[in-house]
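A.B. asks: Residue numbers (our numbering), protein chains in the order written: chain A, 2 to 106; chain B, 34 to 450.
What the hints contain is simulated information worked out from the structure, not anything from laboratory work.
Simulated crosslink set (SDA-like; lysine to any residue; CA at most 25 Å straight-line):
hint, chain 1, residue 1, chain 2, residue 2
1, A, Lys-22, B, Val-314
2, A, Lys-49, B, Arg-341
3, A, Lys-81, B, Gly-339
4, A, Lys-49, A, Glu-88
5, A, Lys-91, B, Lys-280
6, B, Lys-280, A, Thr-77
7, A, Lys-49, B, Pro-428
8, B, Lys-36, B, Ala-219
9, A, Lys-22, B, Trp-370
10, B, Lys-280, A, Pro-30
11, A, Lys-91, A, Ala-28
12, B, Lys-323, B, Leu-189
13, B, Lys-280, A, Asp-74
14, A, Lys-22, B, Gln-340
15, B, Lys-427, A, Phe-47
16, A, Lys-81, B, Gln-340
17, A, Lys-81, B, Arg-341
18, B, Lys-280, A, Glu-57
19, A, Lys-49, B, Gln-340
What the simulated footprint calls covered on chain B by chain A, stretch by stretch (three residues with Cβ under 8 Å from a Cβ of chain A suffice, anywhere in the stretch; the number is not a length):
hint, region
20, 280-288
21, 334-343
22, 433-445
Heads up, the beta-carbon is just placed ideally off N, CA and C, and yes, glycines get one too.
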Amino acid sequence: MFYIHCPYCCEYREEEEFHAKGQAHIARPADPDQCSDEEWGTYLYFRKNPRGLHHEIWVHAIGCRKFFNVTRDTQTYEIKETYKMGEQPKVTSVSDTLETEEAAQ
Amino acid sequence: MQKYSGFGLLKHALTYHENWQRVWRSPKPKKKYDVIIIGGGGHGLATAYYLAKEHGITNVAVIEKGYLGGGNTARNTTIVRSNYLWDEAALLYEHAMKLWEGLSQELNYNLMFSQRGVLNLGHTLQDMRDIHRRVNANRLNGIDSFALDTQGVQELVPIMDCSANRRYPVLGASWQPRAGVARHDAVAWGFARAADAMGVDLIQQCEVIDVLAEDGAARGVETRQHGVILGDRIGCVVAGNSGVLAKMAGFELPVESHPLQALVSEPIRPILDTVVMSNHVHGYISQSDKGDLVIGAGIDGYNGYGQRGSYPTIEHTLQAIVELFPMFSRVRMNRQWGGIVDTCPDACPIISETPVENLFFNCGWGTGGFKATPGSGHVFAATLARGEAHELAKPFSMYRFYDGSLVDEHGAAGVAH
Numbered sequence: 002m003f004y005i006h007c008p009y010c011c012e013y014r015e016e017e018e019f020h021a022k023g024q025a026h027i028a029r030p031a032d033p034d035q036c037s038d039e040e041w042g043t044y045l046y047f048r049k050n051p052r053g054l055h056h057e058i059w060v061h062a063i064g065c066r067k068f069f070n071v072t073r074d075t076q077t078y079e080i081k082e083t084y085k086m087g088e089q090p091k092v093t094s095v096s097d098t099l100e101t102e103e104a105a106q
Numbered sequence: 034m035q036k037y038s039g040f041g042l043l044k045h046a047l048t049y050h051e052n053w054q055r056v057w058r059s060p061k062p063k064k065k066y067d068v069i070i071i072g073g074g075g076h077g078l079a080t081a082y083y084l085a086k087e088h089g090i091t092n093v094a095v096i097e098k099g100y101l102g103g104g105n106t107a108r109n110t111t112i113v114r115s116n117y118l119w120d121e122a123a124l125l126y127e128h129a130m131k132l133w134e135g136l137s138q139e140l141n142y143n144l145m146f147s148q149r150g151v152l153n154l155g156h157t158l159q160d161m162r163d164i165h166r167r168v169n170a171n172r173l174n175g176i177d178s179f180a181l182d183t184q185g186v187q188e189l190v191p192i193m194d195c196s197a198n199r200r201y202p203v204l205g206a207s208w209q210p211r212a213g214v215a216r217h218d219a220v221a222w223g224f225a226r227a228a229d230a231m232g233v234d235l236i237q238q239c240e241v242i243d244v245l246a247e248d249g250a251a252r253g254v255e256t257r258q259h260g261v262i263l264g265d266r267i268g269c270v271v272a273g274n275s276g277v278l279a280k281m282a283g284f285e286l287p288v289e290s291h292p293l294q295a296l297v298s299e300p301i302r303p304i305l306d307t308v309v310m311s312n313h314v315h316g317y318i319s320q321s322d323k324g325d326l327v328i329g330a331g332i333d334g335y336n337g338y339g340q341r342g343s344y345p346t347i348e349h350t351l352q353a354i355v356e357l358f359p360m361f362s363r364v365r366m367n368r369q370w371g372g373i374v375d376t377c378p379d380a381c382p383i384i385s386e387t388p389v390e391n392l393f394f395n396c397g398w399g400t401g402g403f404k405a406t407p408g409s410g411h412v413f414a415a416t417l418a419r420g421e422a423h424e425l426a427k428p429f430s431m432y433r434f435y436d437g438s439l440v441d442e443h444g445a446a447g448v449a450h
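Bound conformation, chain B alone:
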């Protein structure tokens, strides 16, 4: 793998940047792999990377029906944080947060990880009680978290309307300074490049049409473009299409796929240097380095695979943003898109063995999977390598819905499910 550096940039400038090495190979699939990962998004590529790096398993294929990082990795609002309420979830997301710190250096790829802090606003007395509870829970788990009052919020974000006579006055917020944003595409590309350098085969434009099983154990997958590919273990990381893959393998999951949409404005001068989220009026906003305001909406209430959101949801979201930032009322929106998120009844993921032996699922991240990308890949790689759940993944078995040990994170998930 060619190392990227400032010096390299200068060197390649001399040859007009025409001699850069390809970022990854496009190999023909082998007949058999130790591990097959279905889904070449951020989580799948991170899984492949950690399988090779931490467990020395390099005979790995990542099978992607479209192009790498073209699904929800390309469609999210890039927010990274770990201020979840319950121990199980907080430890998992904080594990991811610790991996984020230093990941650019590790991958030798600029992820533009910017720890600019995240505010979760409270607009009612009950919001504030929940915020105090969550902040205290976070601190007990060693996560940086602070409760701010109206004054504190106003000082951090002077352009927000924090006056008491709003319909939904800002009473305060929780504040995680280590949280922030990362360049979403770079995360997929960085993991892909590093995994490829260690020998992982990234197979794009290859759609899985069946999961092959024998005596209740998965043996491989059938693909539309390359026929049968065998694998000793199979990891399925396909977000919105998890239900479809589970059906191929012959079982149901407690997940439902919904469209979740986001939109960006025209680029404007730097005005917002942190991330602002509000559960109550329901919107979240940050400003990218390019200058556009990145705005996230809630999910559409109905199931859908259409990768587009509904118009009423856009209207509600922009109402919320204008409520908080009246000065943005005349900013024009440039683009709007939708991704398909697989939501779980308890707003927590499923990282689990399944009724089919050697077939593992990493899904159900719902509306908040991006922030967990490295952590999710790290624990799922360990799960695939050992054939049993990683310590941090154990509470997230799909069988928790049978014994009732749900991890209810609707409050901290930030988006109404």
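Just chain A, with the same shape it has in the complex:
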């Protein structure tokens, strides 16, 4: 049973109050009209599926009903941090950093 800290309620609550909503930080295509089928497909369906650190969206479904982000290890299930929408994670893995650098280049 997860004990999850809601960054809006600022309290730890039990897992059953929450729902997992999948990968976080997926950028919506900036210019949707110019997207190829491949870009749309990737945006809609292709997901990171790491064995290790994962940034994901959860919703406090029967609490404040707000969406927020969680960094969690998918192998140990340890929750490293929770943070509000729009914020960036503090705990990141090596592959995250590499991808950010690649994107910057």
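Chain B: place on chain A using the hints.
C.D. replies: Just chain B, lined up with the frame of chain A:
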């Protein structure tokens, strides 16, 4: 390969069963194979078997990081059926169903395949409309399928509470008589034994840590225990770890890995002679020959590789079972476990070429791969042998997520994804 028979059993009894041949060899890997299959579960072993049997390709290695059939093959609830809605999926699963029938004889291994029928219950008007639609679609595809009303369900399963005053009354069901259960471990062992007899190398305790590629084409794999093993074609059948293998090869898949759990009760006397599934209250149950009730749950909503499920899911599942079978409320649960399933957005598998040449993936079976084991192996073997997708596998390319030709089987998949 030593033939198994009743007579053989008697003969070996005379020597106190001490002279049985080993079921398969434990070979040292060669430097190079025609085909390397990563993953020694049911699907991978079936693929190796059909490669050798149907295509005469016996220079094949199955590389397994743990032991054969130790992943989802050992963890599922053993249900076999083919009543899927869309033509593409129905043909694939029915192909598997036809292979199941007679597979014990073919492999000379008792798979304990029991066609005891499967009921998919409906609890609302919309459930019943969906059931009628699916039953009709099944019949058009030549799959045995019947729509039952409450009375019909009650006659098949007298112990189920079908009274109208339940919170979720049973309004009817779809019924596939040819469906049933099979002994899950025996499926892996049977395929492994038959493949080994034809010369396939089964390499256990050997973990793939990298996929080697040159000019966009796969050349082999690097393993932790045995170094580099080269292969002309590589088939990846690793279920929950598909995303990890895809990352090694340098691409992403539209699959996410989730824990799916099941549990069994203490053994009790025979009480349930069919398989009962319900999408709506979400639980499925059958009774094994040993007598324990085998109960399946839904997946946990979050991604995970932990091979264990969450407690809230157990509670919800058992609520559903007790709703249907109040008499089971005092049966004690013996064991509970989880497996990692790779779920696709459309609840259908991926049997496909990939951005890396000579590297093929068979994954995304999600919560319902066991029933397809022989069919999956059969079409994937043809795909690997020819280097292009088998006719039945064509609709299941990973590129369907680019052109939008998804095969939405969430209704028939039976488990919420």
